[in-house]
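**Student:** In case you want the letters, here they are:
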Amino acid sequence: MKILVCISHVPDTTSKINFKDNNSVFDNVGVQFVINPNDEFGLTRAVWFKEKQGAQIDVIHVGKTSADATLRKCLAIGADKAFRIDTPALDGALVAKEVAAFIKNNPYDLIITGRESIDYNGAMVPGMLAALLDIPFVPNCVGLEIDGNTAIAEREIDGGREKLKGSLPMVIGGQKGLVEESDLRIPNMRGIMQARQKPFEVVPSQNTAAKTHDIEFEKPAPKGEVTLIPADDLDQLIERLHKEAKVI
Amino acid sequence: MSVLVFTETENNTLKRNASEVASYGVALAKKLSTTCAAITFNAENANALGAYGIAQVVNITNAPNVFDANAYASAVAAHAKKNGISHVVLGSSADAKFLAPILAAKLDAAYAPNVVALPEQLNPLTVKRTAFTNKAFVHTQLASDVNIIGVGNNTFSVIENTVPCSVEEVQSDHITSNLERISIDKVSGKATIADADVVVSGGRGLKGPEHWHLVEDLAEVLGAATACSKPVSDMGWRSHDEHVGQTGKPVSTNLYIAIGISGAIQHLAGVNASKVKVVINNDPEAPFFKAADYGVVGDAFEVIPELTKKLKAFKAQA
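Residue numbers (this note's numbering), protein chains in the order written: chain A, 1 to 248; chain B, 1 to 318.
Hints may be right or wrong, so weigh each one.
Restricting the straight-line Cα-Cα distance to at most 20 Å, the calculated cross-link-like pairs of lysine to any residue (SDA-like) are [as the list claims (entries may be wrong)]:
{"hint": "1", "chain 1": "A", "residue 1": "Lys50", "chain 2": "A", "residue 2": "Lys219"}
{"hint": "2", "chain 1": "A", "residue 1": "Lys163", "chain 2": "B", "residue 2": "Glu120"}
{"hint": "3", "chain 1": "B", "residue 1": "Lys310", "chain 2": "A", "residue 2": "Lys219"}
{"hint": "4", "chain 1": "A", "residue 1": "Lys20", "chain 2": "A", "residue 2": "Asp86"}
{"hint": "5", "chain 1": "A", "residue 1": "Lys165", "chain 2": "B", "residue 2": "Glu120"}
{"hint": "6", "chain 1": "B", "residue 1": "Lys31", "chain 2": "B", "residue 2": "Asn161"}
{"hint": "7", "chain 1": "A", "residue 1": "Lys219", "chain 2": "B", "residue 2": "Glu120"}
{"hint": "8", "chain 1": "A", "residue 1": "Lys2", "chain 2": "A", "residue 2": "Ile146"}
{"hint": "9", "chain 1": "B", "residue 1": "Lys315", "chain 2": "A", "residue 2": "Asp235"}
{"hint": "10", "chain 1": "A", "residue 1": "Lys219", "chain 2": "B", "residue 2": "Ser188"}
{"hint": "11", "chain 1": "B", "residue 1": "Lys310", "chain 2": "A", "residue 2": "Lys50"}
{"hint": "12", "chain 1": "A", "residue 1": "Lys246", "chain 2": "B", "residue 2": "Ser33"}
{"hint": "13", "chain 1": "B", "residue 1": "Lys312", "chain 2": "A", "residue 2": "Ala195"}
Partial selection, computed: residues in chain A whose CB lies under 7 Å from chain B [unchecked claim]:
{"hint": "14", "residue": "Asp21"}
{"hint": "15", "residue": "Pro37"}
{"hint": "16", "residue": "Gln53"}
{"hint": "17", "residue": "Ala55"}
{"hint": "18", "residue": "Gln56"}
{"hint": "19", "residue": "Gly127"}
{"hint": "20", "residue": "Ile157"}
{"hint": "21", "residue": "His213"}
{"hint": "22", "residue": "Glu216"}
{"hint": "23", "residue": "Ala245"}
These aren't lab readings, by the way, just hints derived from the structure by calculation. Glycine included, every Cβ here is placed at the ideal spot set by N, Cα and C.
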């Protein structure tokens, strides 16, 4: 089985979010970038398939050299080969089209992405990719079994979950649940050494045009002070929620 | 040029968020000086959309009864192409976010999800949406022949504006499924994190799953959904479905009550789109108090039963 895991490179979950140049660009000074957590759950599941059922794992990223260390980390975790499509990831449509063009020339049985990236939260790339390739797609995936040419994938829905069955190739939007947090791998020294020897290929872009343009960022208005209510005066809390906040 | 809203259904009935999505679509059409119609699947009460200004509904009756993203997206795409639709509006439920990117690819459209307001500019179409898991907003231009707007949950007020509504029942020739549903496991009759007005959430401060009746009793009085912090789901006290935060489910409810949750940055990111936050914690230094609207410093094991009792009395009286 050939698996492609799509990797997004995002600010660490604890990062302070700031912007510069008149709020037109994310300020990455002092920000640690990591593998998008949802992608990491997917990559870890791919490594599980490799170890239990046998698979070749490639990882792919659309972007410039700043993500190379993140891709090397994927190789250290257990991916076999990394590809970077050499163009800025301006929007989800561009990324999906670039990756779809790559897959048309390099077919895979299973394509795993994260549910969404934690920076732009678009959740668009996996669905667009599946539609461009005309293959099935399961988002918010919390369980995945592969048997021959058939995949059984479980997805979270509002208020529960559903189990879906389809033929490979398929696109999965993974998240926590696909593997647990405790299953995530911290690369060991051997993995890091091996990663240096693994193939890393820079792929020219198709010069796809973006469909959307992010022109300005804005931080939420600062929050007012919290109103503290004494624990022995809960009537006041109910009164305020009813009359002041009007939420009950 | 015209606007099409995709309204979701469940058990042949429009879902609650249909009113919000329809209101947005009608307001957008007004801004664009054009018309707004709706498309829906197997809705027995499709004409209810007339209450939000929708005069025309296409109700597709030959699609699978339970949501099927590829089948529905194929039918919506075919309808949009045939009718020269320039703007598609849909919601932010798990299903809408499943369908939207498939639809966008089929229409080669520009798509902006998590939009929080009507466009601030029409030419080029510019919308404000959340980014960095609610830690920021971004203003995004959509520049395509077809533009798709995903309206964030609970971000746009319902506008009631009753008009006569005609429903056309249609058999689509474009229903193509590529997945087979094996099973569906859904709590029925209970509010879900996605569509509840109130969410009551518990953290490690509750000390163990055996104390969750405190959260459940309070939630029941408020008709609320129950949720939990990441450590609670990691330790297996509650199922992963209830985990809210950056790697769990997002919450954008009217009232979020956090009990015994300290407020790690990843948790706050996932819940701070909620309008009013109440934090109950025995540690006055808990970071969550800084992000809260109302706070009670106290022992959850005393405060929650008391609050539940008082709310019960308040509700009985109301």
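**Student:** Now tell me if each hint is right for this structure.
**Tutor:** The hints, checked one at a time:
Between Lys50(A) and Lys219(A) the CA atoms are separated by roughly 42 Å; this puts the pair beyond 20 Å, and the hint is violated. Restraint check: the Cα-Cα separation between Lys163(A) and Glu120(B) comes to about 40 Å, which exceeds 20 Å; the hinted pair is violated. Annotation: proposed proximity of Lys310(B) to Lys219(A) is violated, straight-line Cα distance about 38 Å (limit 20 Å). Our distance criterion of 20 Å between C-alpha atoms is broken by Lys20(A) and Asp86(A), whose separation comes to about 24 Å.
With a CA separation close to 42 Å, the supplied pair Lys165(A) and Glu120(B) exceeds the 20 Å bound. Straight-line distance between C-alpha atoms of Lys31(B) and Asn161(B) comes to about 16 Å, which keeps the hinted pair within the 20 Å bound. Between Lys219(A) and Glu120(B) the CA atoms are separated by roughly 17 Å; this keeps the pair inside 20 Å, and the hint holds. Using a Cα cut-off of 20 Å, the hinted pair Lys2(A) and Ile146(A) holds, with the two alpha carbons roughly 12 Å apart.
The hinted pair formed by Lys315(B) and Asp235(A) meets the criterion: a straight-line CA distance of about 13 Å does not exceed 20 Å. This hinted pair does not check out: Lys219(A) and Ser188(B) have alpha carbons roughly 38 Å apart, beyond 20 Å. Proposed proximity of Lys310(B) and Lys50(A) is contradicted: the alpha carbons are some 56 Å apart, above 20 Å. As the CA atoms of Lys246(A) and Ser33(B) are separated by approximately 34 Å, the hinted pair breaks the 20 Å bound.
For the proposed pair Lys312(B) and Ala195(A), the alpha carbon gap of about 60 Å is over 20 Å, so the pair is violated. Taken as an interface hint, Asp21(A) does not check out: its beta carbon lies about 14 Å from the nearest beta carbon of chain B, beyond 7 Å. Interface hint at Pro37(A): satisfied, since its Cβ lies 5 Å from the closest Cβ of chain B, which is below the 7 Å cut-off. Look at Gln53(A): its Cβ only gets to about 20 Å from chain B, farther than 7 Å, so that hint breaks.
Here the hint on Ala55(A) is broken, as its CB sits about 22 Å from the closest CB of chain B, past 7 Å. Interface hint at Gln56(A): violated, since its Cβ lies 25 Å from the closest Cβ of chain B, which is beyond the 7 Å cut-off. Contact between Gly127(A) and chain B, as hinted, is supported at the beta carbon level, the nearest pair being about 3 Å apart and thus within 7 Å. Using the Cβ-Cβ criterion of 7 Å, the hint placing Ile157(A) at the interface with chain B is satisfied: the shortest such distance is roughly 5 Å.
Restraint check, His213(A) versus chain B: the minimum CB separation of about 5 Å is within 7 Å; hint holds. Restraint check, Glu216(A) versus chain B: the minimum CB separation of about 4 Å is within 7 Å; hint holds. Interface hint status for Ala245(A): upheld, as the beta-carbon distance to the closest one in chain B is roughly 5 Å, under 7 Å.
Of the numbered hints listed earlier, those contradicted by the structure are 1, 2, 3, 4, 5, 10, 11, 12, 13, 14, 16, 17 and 18.
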